[in-house]
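Which chain is which? The protein sequence lines are P and D, in order. When the letters of the first sequence are read in order and numbered with the UniProt record's numbering, they come out as residues 1 to 422. When the letters of the second sequence are read in order and numbered with the UniProt record's numbering, they come out as residues 1 to 213.
Simulated from the structure, these hints should not be mistaken for laboratory data. Be aware that a few hints might be false.
[Unchecked claim] Output of the computed footprint for chain P on chain D, the stretches with three or more beta carbons under 8 Å from beta carbons of chain P:
| # | segment |
| --- | --- |
| 1 | 108-120 |
| 2 | 179-185 |
[Said to hold, decoys possible] Straight line, CA to CA, 30 Å or less: simulated DSS-like cross-link-like pairs of lysine-lysine:
| # | chain 1 | residue 1 | chain 2 | residue 2 |
| --- | --- | --- | --- | --- |
| 3 | D | K175 | P | K325 |
| 4 | D | K104 | P | K325 |
| 5 | D | K194 | D | K171 |
| 6 | P | K242 | P | K325 |
| 7 | D | K171 | P | K325 |
| 8 | D | K104 | D | K182 |
| 9 | D | K171 | D | K3 |
| 10 | D | K182 | D | K3 |
| 11 | D | K182 | D | K194 |
| 12 | D | K194 | D | K175 |
| 13 | D | K194 | D | K104 |
| 14 | D | K171 | P | K242 |
[To be verified] Pair ranges (Cβ atoms, derived):
| # | chain 1 | residue 1 | chain 2 | residue 2 | range |
| --- | --- | --- | --- | --- | --- |
| 15 | D | E28 | P | R213 | 52 to 58 Å |
| 16 | D | T17 | P | E88 | 20 to 26 Å |
| 17 | P | L58 | D | G108 | 53 to 59 Å |
Beta carbons: idealized from backbone N, C-alpha and C, even for Gly.
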Amino acid sequence: MTSYRRAYRPAEHRLVGGVATGLAEHLGVPVVYVRVAFVVATWFQGVGVLAYLLLWRLLPLRRPDLSPGLESATRRGLRGSGRAGAREIVQTAAVGSVGIGVLLVIQATGRGIDDHVFGPLLVAVIGVAVVWRQLDDVTWSRWMRDTSGWAFASRVAAGGVLIAVAAVYFVSKEGGWSAAVNLASALVVAVLGLGLILGPWIARLTRDLTEERRERVRSQERADVAAHLHDSVLQTLALLQKNAGDASAVATLARRQERELRDWLYGNDERPGDSLLAALKAAAAEVEDVHRVPVEVIAVGDVPLDADMTALARAAREAMVNAAKHAGVDRIDVYVETDGRSAEVFVRDRGAGFDPATIAIDRMGVRASIIARVERHGGTATIRSAPGEGTEVALRVPVRGPEGEPVPTPGTTRTATEEVIP
Amino acid sequence: MTKLRVAIVDDHAMFRTGVRAEIDGPVEVVGQAEDVESAVAMIVEAAPDVVLLDVHMPGGGGLEVIRRLHLRHPETKFLALSVSDAAEDVIGIIRAGARGYVTKNISGPELLDAIDRVAAGDAVFSPRLAGFVLDAFAGTIEVAQVDEDLDRLTEREREVMRLIARGYAYKEVAKELFISIKTVETHVSSVLRKLQLSSRHELTRWANDRRLI
């Protein structure tokens, strides 16, 4: 949590190199500000372009790390593409052309970069941009396991055309072949320079296999899990056929299988020991299996599992078990919210309920397994119930900071009608 | 009262048949489609009141369907219906213009209720969607930023979202907070509007961060 936040260039929605988008994300400002800043900086001896190219080289490209389901959906075009919208392209083009206009005015007034340097420099910059963008895409598509030969060819052709246009423009403007010869020699120098710049990088790219190795390990792990899953789907299907007459068994089997598949497709790779949410999900799954009542877990935020959070998860599990056993409902809602200072869990059912004044809650083990457990860890437990109105157990435990000290909890809003049962 | 005209857009034929069997009768199913192209053509042709829209679909997903139709046919309401629990996709489709999100294991009567609500111009927030919304807006609760009033949830809206996330139906939320159901609906619609209008950078960053987990 205390490690430095690095700036990245997002691979999936960028116009040129992703530098502006990445910086904007990092600094928390709208991307158009960053683009304007680059353009304005360019008016001063081309600082903006230089900075842009440097950042392009220095900022790593970030590949989105998706769950298998989303990755596959993205590949098959089932999700919207993350490409830049038309509005953003037009906006950037507008900013860019205003910038170029001002730059040309500055050139015309003779206060800018020397004309003899300016032309070749411009050509070189565009060439560099095209080639780098292409290189980025090569790594990108390798990651995507996708060969895009035509895209490669068209980009290189576009780069060539750009350079040719620049050349023609300068020849016609300067008039005369001596300028063309100048330009040609400048181009040769630029290309040589490019080779020098890019050579080591290309070599490194071909050697840089760690990323690919990591990806391979990951996909192997996923393949193992997938194989296990398919096996359990087959088991479930066999069980379903055997239990076809028992509606609640069928529903429970189907739901368990659904949960496993969903976790694999869209979930995170978390284990029950990792975090409060994972522990609660595991508890919910267990209650579902044993008591055949669906438990829906909704979470906002998550915290790592320590002794306090383990106690909270166990108390919540007791509350779920109680609801499943006594409420007689077909659904239990669990909501967990953490804001860094405290963790709250609500376990709610719309079932039979009870009158807290007349029924000894000790009989259900509520006092020992829920209230006392939470209070030992500095938390509070609130139980609201009325006959026929369902039951809601609200648990709240402060989150300890890294030093083991409880973080002070500021007052939070509470709903009006809570009755605290001692 | 005339029946609501509903269209089902989903790439799984079995699912379309199932939903149709569940809702046909109380509402009129006027069209079905299985990808973005056919969905756009069908919706323009049949002009349904409510479109049940799958999030993941060939041709760019439900997002693309809304993008192409929302401005030209603002009277058509979209209700997202999906097995995908991917927060960024769900929030994405709501931000594009869908008026609600329910999961595919929703029961027939609940789905009909949701269709009614969406057709009436209200928003349908399942507990899961309420959780996503709270998560998405979580970063800004402490920070009082004067000029971003539109983007933050009010304390009341947050309370309503929390209760929905805790499994309360609109009716129960109203009872709990001593307000009318109409007021609950107003709060939920206002959250939906904030979600759709907000250009807040944190929303984008939140989506990006989630992708990095």
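Now for the hints, and whether the structure bears them out:
Using a Cβ-Cβ cut-off of 8 Å, 0 residues of the segment 108-120 of chain D lie near chain P, which falls short of the minimum of three, so the contact claim is violated. With 0 residues carrying a beta carbon less than 8 Å from a beta carbon of chain P, the segment 179-185 of chain D misses the three-residue requirement, and the given coverage is violated. Note on K175(D) and K325(P): the hinted pairing holds, with a Cα-Cα distance of about 27 Å set against a maximum of 30 Å. A hinted pair counts as satisfied when its Cα atoms are at most 30 Å apart, and K104(D) with K325(P) qualifies at roughly 27 Å.
The suggested pairing of K194(D) with K171(D) holds, with an alpha-carbon distance near 23 Å, which does not exceed 30 Å. For the proposed pair K242(P) and K325(P), the alpha carbon gap of about 26 Å is at most 30 Å, so the pair holds. Annotation: proposed proximity of K171(D) to K325(P) holds, straight-line Cα distance about 26 Å (limit 30 Å). As the CA atoms of K104(D) and K182(D) are separated by approximately 27 Å, the hinted pair is consistent with the 30 Å bound.
Of the pairs offered as hints, the one joining K171(D) and K3(D) holds, with about 24 Å between alpha carbons and a cut-off of 30 Å not exceeded. Simply put, K182(D) and K3(D) have alpha-carbon atoms about 23 Å apart, close enough for the 30 Å limit, and the pair holds. Taking the CA atoms of K182(D) and K194(D), the gap is about 18 Å. The hint holds against a cut of 30 Å. Only pairs whose Cα atoms come within 30 Å are accepted, and K194(D) paired with K175(D) is accepted, the gap being roughly 25 Å.
For a cut-off of 30 Å, the pair hint linking K194(D) to K104(D) stands: about 26 Å separates their Cα positions. Pair hint K171(D) plus K242(P) does not hold up; C-alpha atoms about 41 Å apart against a cutoff of 30 Å. A C-beta distance of roughly 56 Å is found between E28(D) and R213(P), which places it inside the suggested range of 52 to 58 Å. Take T17(D) and E88(P): their Cβ atoms lie about 40 Å apart, and the range 20 to 26 Å is violated.
Between L58(P) and G108(D) the Cβ separation comes to about 57 Å, which falls inside the hinted range of 53 to 59 Å.
The structure fails hints 1, 2, 14, 16 (numbered hints given earlier, in ascending order).
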